[in-house]
Amino acid sequence: MSFVHIQNVTKVYNKNKVLDQVSLSISEGEFITLLGPSGCGKSTLLRAISGLNDITEGSITVGGKDITNLPPKKRNVGMVFQSYALFPNMTAFDNIAFGLKMDGLSKKEIEPMVNEMLDIIDLKGKENRYPSQLSGGQQQRVALARALVKKPTVLLLDEPLSALDAKIRRSLRTQIRLIQKRLNMTTIFVTHDQEEALTISDRIFVMNHGTVEQVGTPLEIYTSPKTEYVAKFIGNYNVWSRDQLKGIPMNGVPSQGEMFAVRPEAIQLVSTEQAGHIGEYTADGTITMATILGNVMRFDVDVAGLNIRVDMLNEHGIGRLNTGSRVKLVIPSIEWKNIQKSD
Amino acid sequence: MQTQERNRISGGRLWHNIVVILLFAFLLIPLLVTALFSVSTNWENTILPQGLTFKWYEALFSDTRFLYAIGRSFLIAILTVIVSLVIMVPTIFIISLYFPKLEKWLQTIVLLPFALPGVVAAVGLIKLYSAPPVAISGTIWILLGVYFIVLMPFVYQSTRNSLRAINAVELMEAAEVLGAAKLKAFVRVILPNIMPGLIVASLLSFSIIFGEFVLANMLVGGSYEVVQVYLFRILAQDGRAASGTIITFFIIIFILYALVLKIGNWKPKVKPLPDAEEEETA
Amino acid sequence: MLLLLVPFCVWVIAFLILPAVGMLISSFQNEGGQGFTLGQYSKALTHPLYKTAILNSVMLSLVSSVIAIVIAVIGAYSFTTFSSKVRDRMLNISNVMTNFAGIPLAFAFMVLYGTNGMFTLLFKKLGLSFLTFDLYSWTGLGMVYIYFQIPLAILLIYPAMYAIKTEWKEASSLLGANSFQFWFRIGVPVILPGIVGTFSVLFANAMGAYATAYALVLRNFNLLPIQIGGLVSGDVFPRIELGSAMAIILFVILMIAMLINEKMLKLARKGY
Numbered sequence: 001m002s003f004v005h006i007q008n009v010t011k012v013y014n015k016n017k018v019l020d021q022v023s024l025s026i027s028e029g030e031f032i033t034l035l036g037p038s039g040c041g042k043s044t045l046l047r048a049i050s051g052l053n054d055i056t057e058g059s060i061t062v063g064g065k066d067i068t069n070l071p072p073k074k075r076n077v078g079m080v081f082q083s084y085a086l087f088p089n090m091t092a093f094d095n096i097a098f099g100l101k102m103d104g105l106s107k108k109e110i111e112p113m114v115n116e117m118l119d120i121i122d123l124k125g126k127e128n129r130y131p132s133q134l135s136g137g138q139q140q141r142v143a144l145a146r147a148l149v150k151k152p153t154v155l156l157l158d159e160p161l162s163a164l165d166a167k168i169r170r171s172l173r174t175q176i177r178l179i180q181k182r183l184n185m186t187t188i189f190v191t192h193d194q195e196e197a198l199t200i201s202d203r204i205f206v207m208n209h210g211t212v213e214q215v216g217t218p219l220e221i222y223t224s225p226k227t228e229y230v231a232k233f234i235g236n237y238n239v240w241s242r243d244q245l246k247g248i249p250m251n252g253v254p255s256q257g258e259m260f261a262v263r264p265e266a267i268q269l270v271s272t273e274q275a276g277h278i279g280e281y282t283a284d285g286t287i288t289m290a291t292i293l294g295n296v297m298r299f300d301v302d303v304a305g306l307n308i309r310v311d312m313l314n315e316h317g318i319g320r321l322n323t324g325s326r327v328k329l330v331i332p333s334i335e336w337k338n339i340q341k342s343d
Numbered sequence: 001m002q003t004q005e006r007n008r009i010s011g012g013r014l015w016h017n018i019v020v021i022l023l024f025a026f027l028l029i030p031l032l033v034t035a036l037f038s039v040s041t042n043w044e045n046t047i048l049p050q051g052l053t054f055k056w057y058e059a060l061f062s063d064t065r066f067l068y069a070i071g072r073s074f075l076i077a078i079l080t081v082i083v084s085l086v087i088m089v090p091t092i093f094i095i096s097l098y099f100p101k102l103e104k105w106l107q108t109i110v111l112l113p114f115a116l117p118g119v120v121a122a123v124g125l126i127k128l129y130s131a132p133p134v135a136i137s138g139t140i141w142i143l144l145g146v147y148f149i150v151l152m153p154f155v156y157q158s159t160r161n162s163l164r165a166i167n168a169v170e171l172m173e174a175a176e177v178l179g180a181a182k183l184k185a186f187v188r189v190i191l192p193n194i195m196p197g198l199i200v201a202s203l204l205s206f207s208i209i210f211g212e213f214v215l216a217n218m219l220v221g222g223s224y225e226v227v228q229v230y231l232f233r234i235l236a237q238d239g240r241a242a243s244g245t246i247i248t249f250f251i252i253i254f255i256l257y258a259l260v261l262k263i264g265n266w267k268p269k270v271k272p273l274p275d276a277e278e279e280e281t282a
Numbered sequence: 001m002l003l004l005l006v007p008f009c010v011w012v013i014a015f016l017i018l019p020a021v022g023m024l025i026s027s028f029q030n031e032g033g034q035g036f037t038l039g040q041y042s043k044a045l046t047h048p049l050y051k052t053a054i055l056n057s058v059m060l061s062l063v064s065s066v067i068a069i070v071i072a073v074i075g076a077y078s079f080t081t082f083s084s085k086v087r088d089r090m091l092n093i094s095n096v097m098t099n100f101a102g103i104p105l106a107f108a109f110m111v112l113y114g115t116n117g118m119f120t121l122l123f124k125k126l127g128l129s130f131l132t133f134d135l136y137s138w139t140g141l142g143m144v145y146i147y148f149q150i151p152l153a154i155l156l157i158y159p160a161m162y163a164i165k166t167e168w169k170e171a172s173s174l175l176g177a178n179s180f181q182f183w184f185r186i187g188v189p190v191i192l193p194g195i196v197g198t199f200s201v202l203f204a205n206a207m208g209a210y211a212t213a214y215a216l217v218l219r220n221f222n223l224l225p226i227q228i229g230g231l232v233s234g235d236v237f238p239r240i241e242l243g244s245a246m247a248i249i250l251f252v253i254l255m256i257a258m259l260i261n262e263k264m265l266k267l268a269r270k271g272y
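Residue numbers (my numbering), protein chains in the order written: chain A, 1 to 343; chain B, 1 to 282; chain C, 1 to 272.
FYI, nobody ran anything at the bench for these hints, they're computed from the structure.
Take the hints with a grain of salt, since some may be wrong.
With the C-beta cut set under 10 angstroms, the calculated list includes, among others, these residues of chain B facing chain C [as the list claims (entries may be wrong)]:
id: 1; residue: 23
id: 2; residue: 34
id: 3; residue: 88
id: 4; residue: 99
id: 5; residue: 106
id: 6; residue: 228
id: 7; residue: 229
Ideal placement from N, C-alpha and C gives every residue a C-beta, glycine not left out.
If we strip away everything but chain A, and leave its shape as in the complex, we get (with noise of 0.2 angstroms):
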């Protein structure tokens, strides 16, 4: 049985369908991430289970209960801002303890928790600090303080890194997930950040011109894109349609289908001049371009025209392939994943 349910959920704006038809469930105690472009729905999606947008169609249902037509505070939903919206005039247990003063709750019943929650994100003796005097990090994490206080039904995590930098945005990203699975918060993540999807969820909708284009776990997302949408959005594949590879000399292309997809890190590389004991390969090619990514190589190798991006591990050795280097590839069979073509 699902937790949260959301039943052909459509929102027309300017007689546009920013939402068209969206359906999905979310088990109890899950975490999911709606991932896309901006553009995709995916936060008038989330704004839509809080109540801050209405919906034009459609229902959703959160543990058993329908809260299609209820105002967003009578949902009982925890909602984390890109922004944080923390409220300037108020210290970080003030902001934290709101949400309880607003339920009514006395002093003394409010104390422990905003101080168990400022345990829980490791905030402890900042508490009487104002958003202006914490870093970035620190007021989102206390913005999710905020929203979990209240035990929500379901939390709400509208881009809450994307204001932060790389290096934040990383840990901050570990301690929300392990704080998600500490308190088994069914949680909605909205993101543009295919990386961030990939390490943090338990499965992701990705999601195009308002509608879920494909659901799976992160490796099954990453591993078998069913669309070239889905493709191109979630790494660095390489996407070919059959028209493109027509006159290319590549060995094993799939007889079927009409779009393929094959990973850079699948493909292997050997400099011509050693690869006498190769046996079967798929093409010969030129190197054009080699990139450095840190622990990953990158090349681009150029096969009759095609441009083939390869990753290969940054290993002792690799320094002979470079531009210029003749090499042969080896695309194994099972890599060449079939997908539907996009519009």
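Chain A is already provided as a structure; the job is to place chains B and C on it using the hints.
Below, chains B and C alone, put in the same frame as chain A:
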């Protein structure tokens, strides 16, 4: 979209509409009624005028006293604006670029007139300039002198903002490295770039001088009768001419503001930041 | 290059510094411009006519500023709920209306609310006499002051209102607060520095206002600026020294208001 959602939470499109309508009714009705008065035939003891006519405007615009008053206001306004730009802009430029330590002083002096009501300013000036050696009280020159002071804060702020916006320091350096002398660099590079800001400042200065009454009345009064003083003097005797003058004054103000808007450099103090997510929720 | 600063300095000295110093000196002189005395100040602060003028001005300025701010806050907030295009237009109109003050405004109010004014007659006819007021009373003058303070207040307060983020309201409503609770606990505290700052500007604006009251000639309003004007350019004989002392008093009141404002700002900003 954003606004639409706002309303769902803040409640009451109706309330905001009513607030805005009442507010603008309160603000605009006096002006509209004055306009109506200026074109009414007879309007003594009735709620609405008995008829409409333009004959008062014909009379007003053939009255040399009125025309002279408008002319004097234009003359003093143009004169003051030119003089203050010619003196203020180089001063601000030099100090902010080459003597930044003096900037604080300049700022204090220049903003002082904000805290100086016209009446207070008039007192000191009357005492100083109504007797020899410099008896310029009652002439256009004392107005020029004091209006320069009145305009200082406005000219300063817009010049300073323009210089900051174009990053004048780097522009000057770039021009000098390319071989331009300081004066040439200022005239060729800085001036054209801050021109829109200066024009806006001039137009707003113009409207300030046009609406100024206290200093004009106390320092020169009838001997250099500007439009506001003229208006005051005929107020009790000739309501038609008064209302016609007010509407003429406001038309000039409207034109000035329209020009300001057209030049486009003038924005309402805060502009919403375009935000990607805002588009998405749309 | 410093030579280029000379015209500016000369101008400021001639028309700002010297007059100010001259006024300060003469405020300590006896009538006739001799000697040194505190008599002018003691007269200004104790003589019923002048004392009342000061009190009247302060009261009128305080009351009109407070009312104008309340109206401006409500109005400016409503502005923010409109689309940006409409909002800009409303702000532009309101900015233009800051020019409607002084003599023109006094005249317009006479046409509307004077003894035979349009609204006076209209309300009487409709049996709404309680809506009419005597333009030449303190209430009437107060109305005119409120009128010319509102557009200025909107101009100054709007940026603060705009700074109230939609997300705050969304967050507070998700946390269970209603609209009143939002304003009471977040909205008003956040814009408080803006309100305080606006208040001091409005107060100064009203304290120094001269033309409006001066133009309502049917009654001699006893206000500080009017007294100063009368003393300095009076028809009978000018009393520059007393006028100077009163002008200095007005200036000092404005300075005190600004100091209080700064203190309040610091208090209001405390923490954030």
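Tested hints:
no., hint, in the structure
1, 23, "holds, 5 angstroms"
2, 34, "holds, 5 angstroms"
3, 88, "holds, 7 angstroms"
4, 99, "holds, 8 angstroms"
5, 106, "holds, 9 angstroms"
6, 228, "holds, 6 angstroms"
7, 229, "holds, 9 angstroms"
In this structure, none of the earlier numbered hints is contradicted; all agree with it.
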